[in-house]
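Turn these sequences into a full structure, and let the hints steer you where they fit.
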Amino acid sequence: MSAELGQISLILALVLAALLSVLPMIGAQRNNEALMKLAPSLAIGQFVFLAGAFAALAWAFLQHDFTVTYVAMHSNLLLPWYYRLTAVWGSHEGSLLLWMLLLGGWMLAVAAFSRSVPRIFTARVLSVMGMVSVGFLLFILFTSNPFERILPGPIDGRDLNPLLQDVGMIFHPPLLYMGYVGFAVAFAFAIAGLIGGRVERDWVRWSRPWTLAAWAFLTFGIALGSWWAYYELGWGGWWFWDPVENASFIPWLIGTALIHSQAVTEKRGAFPAWTVLLSIAAFSMSLLGTFLVRSGVLTSVHAFANDPERGLFILAFMAVVTGGALTLYALRAPRIMTGEGFDWISRESALLLNNVFFTVSAAMVLLGTLYPLIIDFMGWGQISVGPPYFGAMFILLMTPVVLLLPLGPFTRWKRDGFMRILQPLAVTAAISIVAALLVCAWLGTWSLRAVSGWIGGFWLIGGALAYAVRTARASRSGLARHQWGMTLAHAGVGVFLIGAAMVEAHTFERDIRIAPGETVEAAGYRFTLHEVAQVKGPNWRADEARFSIHKGEREIARMNPQKRLYHRGGQTMTQVALKPGVFRDLYIAMGEELGASGAWSVRLHIKPFVRWIWGGAVLIGLGGLIAASDRRYRQQRRQRADASLASGAEAPA
Amino acid sequence: MIRMLIPLGVFLALLALLIAGLQTSENRKLVQSPLIGKPMPDFSLPGLYDPESTTSRADLLGEPFILNVWGSWCWACRVEHPFVERLGNEAPIALVGFNWKDEREDALAWIDQFGDAWDRHLVDFEGKVAIDLGVYGAPETFLVDHEGVIRHKHIGPIDANVFQDLMRRAMELKAEAES
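Chains as they are written, first to last, in the working numbering: chain A, 1 to 653; chain B, 1 to 179.
Misleading hints may appear alongside valid ones.
What the hints assert, rightly or not - Dumping the calculated DSSO-like pairs for lysine-lysine here, alpha-carbon to alpha-carbon at most 27 Å:
(1) K128(B) with K536(A)
(2) K153(B) with K536(A)
(3) K128(B) with K38(B)
(4) K153(B) with K128(B)
(5) K551(A) with K579(A)
(6) K174(B) with K153(B)
To be verified - A short, non-exhaustive set of chain A residues, derived as facing chain B with CB atoms under 8 Å:
(7) P154
(8) F291
(9) G311
(10) F313
(11) A319
(12) L326
These are computed hints drawn from the structure, not numbers from a lab. Note that beta-carbon positions come from the ideal geometry of N, C-alpha and C, so glycine has one too.
Written as structure tokens, this is what we have:
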């Protein structure tokens, strides 16, 4: 019964979304208060029915209702209840439902937290989001219905992909989707602004916290995905430039450019058209990501139920959404006000430079991702672009970003001088170089990557701290939230850089043959295999190797990697054993049993500073969230820029 | 105004590329089995109803046949079963069932429930022959000619289109064997 209730809920949500996409928009055009007032109620109603549909599917999973095809395909009697719950978004149909639920949630939040925004504007924003909703709900109902029945149902279901039976997978998709879908808010604000005709700084300010929050969630989602791939896939890497990873990374790069260009547009009114364009691009890239993942147009390690028909639907949807938005942009953008001019050396230029680097990076990643398509299109045969292309390109594009980043916050609006910016940072630069060299001497590493990573990292962290200290001294009230956020995020980039450089430069990796009772020495650690035991889980059995690891005389860890066989699907899975540490991770993955001797092939990794990669990403994301929570964004009226700001004194970005 | 149309132009070009990419996505995904065109590897496997009997490669030579890999644990095998039954009834050549990594009791119970579509059964409990055959996952369907050469392989469940395709190929193999 629950599946039918879910189906009906979904259809009702579609009806409300359709009303939402039409009525408040008409109301806003005719200045009809009654129609505009409908927007929040419709958004709430839509969310209620989406939540109902989601709950219905979750219930079907918890109750083992195998007459629902989706449940039968992705769950079975042995699957523990928490994985049954997360199996709801374990595959295409359900993850779209999650996507919709989150979109509904964002709309609810916009309806709830926009009291300071004029009603006409909120009505337009919600209406635009309603249109997006309609598209996705039609997509679910026509091509990917999770509530379809199969009668008679099988006695037992298949299984959730074992890769997805993991805690990382519980949170990775929701966070990622929060980010993807959150860009719909920035998109809707931009479109509402364009429809309104006058692009004012106001709407850019209103949309900033939303964009920051979405971007922060996307950061967390990507970091979690990277962490998950690291310990679950058993390859020991943290980023693979896989098309699906790229699909989430492109919107992130565009989003990074967007949050910076929004700052300029809000503060100085400069390049508003560009900000609008980036808002459109960020959401369009999210849609493109969905298309790449779901259509099977590219081959990837992420095995989603691929279906060209679905791909065609998403393309058509993209054509309407992005095509429509860009047409509107072409019609309205000439009317967009332009801000005051600025000097070559000014914060505007600094942020423009940031935007150039990030959008070019996004374009390069997009190009690399779509390269197989282009090759095919041109009839050049089949090649795939590997990590070397992306790696080289990224180092090239991000080196200037790292060098210039600490200068940005120190730069004044409108006009500034090189010496004035460089002076306070000269000390920071000197300290970071010396400190980096000392650390490298202590670690005994002189590889180019490691040294430049430490220098860059300290430069970024030091620059961020120098900014925080100086700003705190200059103002009586200390740092505002958005300044804290920025400091944290910029320092996070430094932490990330150190982690990435150290992992790339000094990962120790070796495949060994080891039998029970033997000891292998590697990089100063002694790995002893005591036994290989048979263990059982709820829906799998495994060979488990029992290792103890000694450094000197001291035992520092016991590690038990597993090779699991899942009963239902018959898949084997490598369960990596990890000993995490602030300065290094020990990582053991089991390979194959070698003959009847009881020996196994085992892969050992020692990854220095690998945690710093995700630690840095978490700092970046937290910075975004803290900035989004700034009180400034909730003020009733915009405080006109005061005289000191106009004269070019330092102002928060 | 013209300048403002640039983004739209770029987007339309991207859209065209993606549409073209969608048309050719099947080609990119088609991983040709290295065994196609090669003789089927040697094997000797027990039957399903009678575990004592064995069938080897030599027993199957002389006539073309369809080899259908399945298991009672394989959910998609249920989905394709109506088409497997049609193959058993309508195809001009023999349909051999290849029961893969399955418990005999489960397999027999499954056949009781869904019907026996195959003309002959092979049981590969350990999955060793399946490795030689390059089985990627169930269900899979191979076409083998009268000289024991693997001529075609379909990965995934059989649907109406695949069924038509398999029928056509089976008839060709039959004709080839008779000429």
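Go through the hint on F291(A) and say holds or violated, using the shortest Cβ distance to chain B against 8 Å. OK, holds: F291(A) within 8 Å of chain B, min 7 Å.
Measuring from the C-beta of P154(A) to each C-beta in chain B, is the shortest one below 8 Å? Status holds, d = 7 Å.
K153(B) and K128(B) were given as a pair; does the straight-line alpha-carbon distance stay at or below 27 Å? Holds, because 18 Å separates the two Cα atoms, which is no more than 27 Å.
When you check the alpha-carbon spacing of K174(B) and K153(B), does it fall within 27 Å? Distance of about 17 Å is within 27 Å: holds.
K128(B) paired with K536(A) [C-alpha distance capped at 27 Å]: holds, 24 Å
Within 27 Å, alpha carbon to alpha carbon, are K153(B) and K536(A)? violated, 36 Å
Does the nearest C-beta of chain B fall within a distance shorter than 8 Å of the C-beta of F313(A)? Interface hint status for F313(A): violated (11 Å vs cutoff 8 Å).
How about A319(A): closest beta carbon in chain B under 8 Å, or not? Result: holds, 6 Å to nearest chain B Cβ.
Within 27 Å, alpha carbon to alpha carbon, are K551(A) and K579(A)? Roughly 13 Å separates the two Cα atoms, so the pair holds.
Pairwise hint evaluation, K38(B) against K128(B), where the allowed Cα distance is 27 Å at most: holds, 18 Å
So, L326(A) near chain B? Judge it on the closest CB pair being under 8 Å. holds, 4 Å
Minimum Cβ distance from G311(A) to chain B below 8 Å? Holds, about 5 Å.
The structure is inconsistent with the numbered hints 2 and 10, although it conforms to all the rest.
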